[in-house]
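Listed below, chain by chain, are the residues.
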Amino acid sequence: MTHYFDTVIIGSGLAGLRAAIEASKYGSVAVLTKLYPTRSHSTAAQGGISAALENEEPDSPEWHFYDTTKGGDFLGDQDAIEVMCEDAIRTIIELEHLGVPFSRTPEGKIAQRRFGGHTRDFGAAPVRRACYSADRTGHAIMFALFEQSELHGVHFFPEFHVLDIVVKNGKCIGVITIEIKSGEIHTFNARATLVASGGYGKVFKTTSNAFASTGDCLSILFNTGLPLEDMEFFQFHPTGLYGLGILITEGARGEGGILINGKNERFMEKYAPTIKDLAPRDMVSRAIMTEIREGRGIDGKDYVYLDLRAVDKKIIEERLPEITTFCKIYIGIDPSDAPIPVLPTAHYAMGGIPTDIDGKVLKDEKGSVVEGLFAAGECACVSVHGANRLGCNSLLDTVVFGRRAGIAIGKSLKDTEKQDISKNTVDKVINNIDGLLNAQGKEKTATLRSELQTIMMDKCSVFRNEADMEGLVKEITIIKERSKRLGIKDRGKKFNTDLLESIELGHLINVGEVIALSALQRRESRGSHYREDFPIRDDENWLKHTFAFKTERGVEFRYKPVTITRFKPEERKY
Amino acid sequence: MKKYFFRIKRFDPEKDSSPQWKEFTVEMEPTERALDGLIKIKETIDGSLTFRKSCAHGICGSCAMKINGKNGLVCQTIIKDMPDTITLEPLQAFPVIKDLVVDMDPFFSKNELVLPYLINNEPPPERERIQSPEDQGKILQSITCVMCGSCTSSCPSYWTDKKYLGPSALLKAYRFIFDTRDRATDERLKRIITHHGLWRCHSIYNCVEVCPKEIDITSHISKLKRMAVRKL
Ligand SMILES: Cc1cc2nc3c(=O)[nH]c(=O)nc-3n(C[C@H](O)[C@H](O)[C@H](O)COP(=O)(O)OP(=O)(O)OC[C@H]3O[C@@H](n4cnc5c(N)ncnc54)[C@H](O)[C@@H]3O)c2cc1C
Ligand code: SF4
Ligand code: FES
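Just so you know, the protein sequences line up as chains C and Y, in that order.
Each residue of the first sequence is one higher than the last, beginning at 14 in this note's numbering.
Each residue of the second sequence is one higher than the last, beginning at 113 in this note's numbering.
Think of the hints as simulated: they come from the structure by calculation, not from any bench.
Fair warning: there could be bad hints in the mix.
As the list claims (entries may be wrong) - Taking lysine to aspartate or glutamate pairs in the EDC-like style, the calculated list, with each CA pair at most 16 Å apart, reads:
id : chain 1 : residue 1 : chain 2 : residue 2
1  : C       : K502      : Y       : D158
2  : C       : K194      : Y       : D124
3  : C       : K487      : C       : E464
4  : C       : K502      : Y       : E155
5  : C       : K122      : Y       : D148
6  : Y       : K250      : C       : E331
7  : C       : K327      : Y       : D215
8  : Y       : K152      : C       : E514
9  : C       : K455      : Y       : E326
10 : C       : K506      : Y       : D128
11 : C       : K506      : Y       : D124
12 : C       : K502      : Y       : D124
13 : C       : K341      : Y       : E326
14 : C       : K122      : Y       : D128
15 : C       : K218      : Y       : D148
16 : C       : K455      : Y       : D158
17 : C       : K341      : Y       : D158
18 : C       : K122      : Y       : E238
19 : C       : K507      : Y       : D215
20 : C       : K507      : Y       : E126
21 : C       : K502      : Y       : E126
22 : C       : K507      : Y       : D128
23 : Y       : K274      : Y       : E238
24 : C       : K194      : Y       : E126
25 : C       : K457      : Y       : E155
26 : C       : K441      : C       : E197
27 : C       : K507      : Y       : D193
28 : C       : K194      : Y       : E155
Because the structure is a prediction, the values reported are computed rather than measured.
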């Protein structure tokens, strides 16, 4: 079946929805999503969204700008960061007017709390900048934006899985999908296509990310020859529930929780004397892993404690109800009475599809754009988060840059000719699907996926080094070869999740390989990318963005300079 | 590790004329989730087993089904709290697509009838609309709904009248009617007091018993009823 829309948006997370509301003012909009819209991963966001509202204490967009730049270890593009921080206050007020039920101060204003790396006066002390709705901020914003999109007449195509994004002669002309329920192929011709497909934490074994976070669209675009930026930077959140990876929000430390090791020491005092447990995530994760490596895990084991016992019970009940429930259900403890065992968990992708500040996708490191193609949200790299994202800045990023992309799309429509995706292109996709459905190979999707996730976690997470990663790249190559010999059990047409997971596996392998190769070539340590063999940040050689391209000779790298407008790189101390 | 038995009601739309029970045995840690069991079966025994999942920690609402006779989320169900045999069926009262997957369109479409968005045509203030914590307290439970469908699927009134709005859509109406920032109370009330609306709820409490977010849905509906009597 063939559809036509002015704008097609892939993904119904906050980035996709915010863009949809905006683009719907200029023409017809379809949102394609492999889940029911509100099931998107944005709904899991807990802790907050940042803006210098000053509802609780003095703050300023400029401090926010500084913190974001420094938090990202000076790799973020400062023109983009400035745009985001300057637009933050307007954005939060707009969300409130759209109905988001933010938690309130006693006077009835939007309440704010502390978060990692949010400071006043350029690093002097923690500041309350995170606006939140208890610990379900993502869920609260998600429903408001979804409901508004419906009101704006956006067409939703739930459980439509994108198989291909068609870029022809430097121009994007639409998308090919499979309707999961029926197994039918649906083609969407569009003047503008926005990719808002979220993160890819499922590349790693332990992750806070949802099953759907498999990086499909990044991998699809990479295969067409478009670049991926800064893929070596993947954030490991310090406090994943031990053994499960389920996130315990940084808001827990914002409300007064502290980390303790096996000797009952508040170890963050050593690593970040000024802001301690509220240091940026990369530093806290490394600190935890260092404590564990040096034998100071709890009972010498591989976890530490997040201790909320000193936090007022009422605050826990009111502001952290969700994580309290997680602790009770999944590990059988009440965080008011017992410390929570935690370990870093793969959480957020700083790298992704390179875009300018209006969401236009870049086709090279020089800044040329792909006509008709836009990206926003976690899948994109603007880059505002640089080498390490600060908490609460991702939700802000999705809404600010989702809106900007929506506006840019609206303006681009009148100059873009509609073009139909050829039958040939669709047939190729159908043949691929048929090939998989009829494959008689011996390899199993689940086995390959779990092997990939395990080696990525072991060799390319908080600490990295050349020998490990060289081994990793070899192993990924083998997994890739083996994945050509898949055999799947379900050969039916309808709701075939066996088939979809096999397609996703291909994307995970592809993305894992780019992460590994990007990490291998960056011979310095910056933000989340820590090289044991090159432990120092090297601004002279590496203050630049990595652009990875797929070529006939394999993956190749080029570089784009970092935009520095206001803050000169300095040593990162907290 | 311990052995657990899963009895699963399966249906393949391309092969079966009616659902069939299938049994599987898997080894699991008692601390694992029922969802982990399903995944294990799919990965190691039968790749064609079909179910929805996404967040795996009770926040996205994807994985609702009937678990040992009672609706709930498999990702929030810990095996050690269960008997050794775990029986799983698709949510009842919605059309089954395949195995444990049902068509949720009839469920989601109910929301549209209650104008599920904040309506306030007064010019917005420059900053946020003020709302006291007490006022927000009134909607606090209702905003935690994850739209999993457990409630509506367990409601006898819905079983007999598929046009009935159902507990979840009524809760959605409540969420806006009791939001002090909203101005469309009368319009919404009119929409929910129709033949297939508010008065179909006979306070049977099935919904409250199954809601994985522990929302006291019936008491919210009762408040709507009291308001409707007062206002209309
Ligand atoms: C547990 C957790 C807590 C977090 N808490 C915070 C927080 O407090 N503050 C903060 O700022 N950030 C937080 N983050 C990060 C933040 O939530 C995410 O980065 C952000 O929500 C991503 O939004 P998105 O719109 O880019 O993508 P998502 O919300 O991930 O949506 C992706 C969409 O793409 C669709 N999609 C993907 N592939 C395909 C395909 N092939 N075909 C069709 N559709 C597809 C999916 O269906 C989905 O709709 C948190 C993240 C996690 C994991
Ligand atoms: S009210 Fe409870 S049971 Fe009903 S849809 Fe919402 S979360 Fe699910
Ligand atoms: S998988 Fe999200 S609620 Fe169960």
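Structure-based check of each hint:
Pair hint K502 (chain C) plus D158 (chain Y) holds up; C-alpha atoms about 7 Å apart against a cutoff of 16 Å. Simply put, K194 (chain C) and D124 (chain Y) have alpha-carbon atoms about 12 Å apart, close enough for the 16 Å limit, and the pair holds. Taking the CA atoms of K487 (chain C) and E464 (chain C), the gap is near 13 Å; set against the 16 Å cutoff, the hint holds. Taken as a hint, the K502 (chain C) and E155 (chain Y) pair is honoured in the structure, with Cα atoms around 10 Å apart against an allowance of 16 Å.
With a C-alpha separation of about 42 Å, the suggested pairing of K122 (chain C) with D148 (chain Y) is violated against the 16 Å cut-off. Between K250 (chain Y) and E331 (chain C) the alpha-carbon distance is near 14 Å, which keeps this suggested pair within the 16 Å criterion. Taking the CA atoms of K327 (chain C) and D215 (chain Y), the gap is near 40 Å; set against the 16 Å cutoff, the hint is violated. Proximity of K152 (chain Y) to E514 (chain C) is assessed by CA-CA distance (about 14 Å); at most 16 Å being required, the pair is judged to hold.
Restraint check for K455 (chain C) and E326 (chain Y): not satisfied, since their Cα atoms lie roughly 45 Å apart, outside the 16 Å limit. Restraint check for K506 (chain C) and D128 (chain Y): the C-alpha separation of about 14 Å stays at or below 16 Å, so the hint holds. A threshold of 16 Å between alpha carbons decides the hint, and for K506 (chain C) with D124 (chain Y) the separation of about 10 Å falls inside it, so the pair holds. Restraint check for K502 (chain C) and D124 (chain Y): the C-alpha separation of about 13 Å stays at or below 16 Å, so the hint holds.
Among the hinted pairs, K341 (chain C) with E326 (chain Y) is consistent with the structure: their alpha-carbon atoms are about 14 Å apart, no more than 16 Å. Restraint check for K122 (chain C) and D128 (chain Y): not satisfied, since their Cα atoms lie roughly 57 Å apart, outside the 16 Å limit. For the given pair, K218 (chain C) sits about 14 Å from D148 (chain Y) by alpha-carbon distance, which is consistent with the 16 Å threshold. With a CA separation close to 15 Å, the supplied pair K455 (chain C) and D158 (chain Y) stays within the 16 Å bound.
With a CA separation close to 32 Å, the supplied pair K341 (chain C) and D158 (chain Y) exceeds the 16 Å bound. Using a Cα cut-off of 16 Å, the hinted pair K122 (chain C) and E238 (chain Y) holds, with the two alpha carbons roughly 13 Å apart. Note on K507 (chain C) and D215 (chain Y): the hinted pairing holds, with a Cα-Cα distance of about 13 Å set against a maximum of 16 Å. For the proposed pair K507 (chain C) and E126 (chain Y), the alpha carbon gap of about 8 Å is at most 16 Å, so the pair holds.
A C-alpha spacing of about 15 Å is found between K502 (chain C) and E126 (chain Y), which places the hinted pair at or below 16 Å, so the restraint holds. Taking the CA atoms of K507 (chain C) and D128 (chain Y), the gap is near 13 Å; set against the 16 Å cutoff, the hint holds. Straight-line distance between C-alpha atoms of K274 (chain Y) and E238 (chain Y) comes to about 44 Å, which puts the hinted pair past the 16 Å bound. Of the supplied pair hints, the one linking K194 (chain C) and E126 (chain Y) holds, its CA atoms being roughly 12 Å apart against a limit of 16 Å.
A threshold of 16 Å between alpha carbons decides the hint, and for K457 (chain C) with E155 (chain Y) the separation of about 8 Å falls inside it, so the pair holds. Proposed proximity of K441 (chain C) and E197 (chain C) is supported: the alpha carbons are some 15 Å apart, at most 16 Å. The straight-line distance between the Cα atoms of K507 (chain C) and D193 (chain Y) is roughly 34 Å, outside the 16 Å bound, and the hint therefore fails. Between the alpha carbons of K194 (chain C) and E155 (chain Y) the distance comes to roughly 21 Å, so the proposed pair goes past 16 Å and is violated.
Checked against the numbered hints given earlier, this structure breaks hints 5, 7, 9, 14, 17, 23, 27, 28; the rest are met.
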